[in-house]
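2 protein chains.
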Amino acid sequence: MVESCLVHKLENYLPLTDAEKTALAVLERSPKSYSSGTTIISEGDDADTLYVVQDGWLHSSNDLADGGRQILLLHYPGDILGTASIAFNEASSSVVAGGDATLCRFPKSALGKIFDDHPRLAALFYAIGMLENIALSDRLKVLGSSGGKGRLAGFILEVLSRLRASQNADLSSFEMRLTQADIGDATGLNKIHVNRLLRELEQDDGAISRAGRTIEIVREDYLLEISSFTDRYRTVDSSWFPPSTA
Amino acid sequence: MVESCLVHKLENYLPLTDAEKTALAVLERSPKSYSSGTTIISEGDDADTLYVVQDGWLHSSNDLADGGRQILLLHYPGDILGTASIAFNEASSSVVAGGDATLCRFPKSALGKIFDDHPRLAALFYAIGMLENIALSDRLKVLGSSGGKGRLAGFILEVLSRLRASQNADLSSFEMRLTQADIGDATGLNKIHVNRLLRELEQDDGAISRAGRTIEIVREDYLLEISSFTDRYRTVDSSWFPPSTA
DNA sequence: CGTTCCTTTGAAACCAATCAATAATGGTGG
DNA sequence: CCACCATTATTGATTGGTTTCAAAGGAACG
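So the sequence lines, in the order shown, correspond to chains A and B.
Residue 57 in our numbering sits at position 57 of the first sequence, with consecutive numbering throughout.
Residue 176 in our numbering sits at position 176 of the second sequence, with consecutive numbering throughout.
Derived by calculation from the structure, the hints in this document are not laboratory data.
Keep in mind that a hint or two might mislead.
Same chains, same names: a pair is fine if it fits in one copy or spans any two.
Calculated lysine-lysine pairs in the DSBU-like style (CA-CA distance at most 35 Å, straight line) [what the hints assert, rightly or not]:
| # | residue 1 | residue 2 |
| --- | --- | --- |
| 1 | Lys-108 | Lys-32 |
| 2 | Lys-32 | Lys-21 |
| 3 | Lys-32 | Lys-113 |
| 4 | Lys-21 | Lys-113 |
| 5 | Lys-32 | Lys-191 |
| 6 | Lys-9 | Lys-32 |
| 7 | Lys-113 | Lys-9 |
| 8 | Lys-21 | Lys-9 |
With these hints in hand, go ahead and build the complete structure from the sequences.
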């Protein structure tokens, strides 16, 4: 059996049985590549497809009344995209590839059979959906913080945490692949203010140091103190799951 | 069989079979009342209990670094609370009763059997979880809007929309049961500025009119125009659900 | 009737957005 | 490989929006 990226994702949380892996393999379409900047999902489009990120990174966003844009979440390998279509026939946000990306696709109709045959997988999908829920709450918390510097610090910590989790490494520096304008769209600040605040964090506070788009975290405790970021242990509690089939 | 509040909630979305209703009844504990201001769930607490709102209203919130508070969502009858515990053993946000409230409770362990025996209910729980997900995205969108007036207008429309949905009525006025300080916690503004902006919406723009805490929507089109609020049809797409059991 | 919480208003200080312009960077084709 | 172009990053000056501080008027509650 070919190891699918979906199986790889789910086994991060729970060892799967062969029967479960076989069932998931049915969902799989061949991976497809998208070049940097491609819009994979467009807000308002009809949607009945789910995606799993195999490689690259993406972000989801919503357009705002004033012509701006709110970046909701960043997506890394293993993430499931398009989950809004579980409930609706319409995409509630857009998804754009931040760099070249490879995604696996499957139609939501295929989930029906999975839910029917493999209740433990259903529970796992549900739990993963709730993780995204918590991630959105955490973003609201960061955006609600008064003070641009705190919001920016929170966002930096958030990206750092995601990268640490996806690379299983205790990074202290990383390449911020968003432009400062994008960071502004994610934090609710304009790009010029983002620039100033980054400089303040570097020069005045000595909390970070920068080289190009690479950010090194110098005083993580300071960033934590001024932001409302909460790091979360990225595992799921499977204690309530039904037993696996076969 | 006694009609449970959970059944009532789920039947808003999908007619249930008797077998499904019976299964849900097992989940049910006797309803419990909480007086206004009571904290039902506290951020960081161990959590393995889910709640269904039978009566009253509540809000969930997170504490911020600067001593403030971010109100995430308002909850009305039929809403399911504590869903973060589906994935974690720890509550990711607090839930407080805004007025006197009655909740039904059940342990998350009971979900395992539901998922095992009734895949269609599992799919329904999943879809409802994704609805909450979309609600959080929408809140992010409102908070990301630059301009306090737009954020406030978006919040007013959001509350209006929820009340319209839960009362199946085409309201044009409603009682805003949050204090202006609470509205500030929900919109990321301070209470004094909330007060000024409400006055501006009333006197300068003629978009609302107020009597005590009751808000009448005078120019809904204007509120929509200046905010980034998107109204959503509160139904779920059940086309992909597995068939019901028995 | 007094206390408390909420609402409202004013003035001043601060933070963030906008306007304007110049460096630096990265990618592309010659 | 270099020159060119487009995008991004950076800095200053100005304007407008938001918070803070301070205080008084209302409403709700015991």
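TODO: Just pull the numbers of the violated hints for me, sorted ascending.
DONE: Failing hints: none at all.
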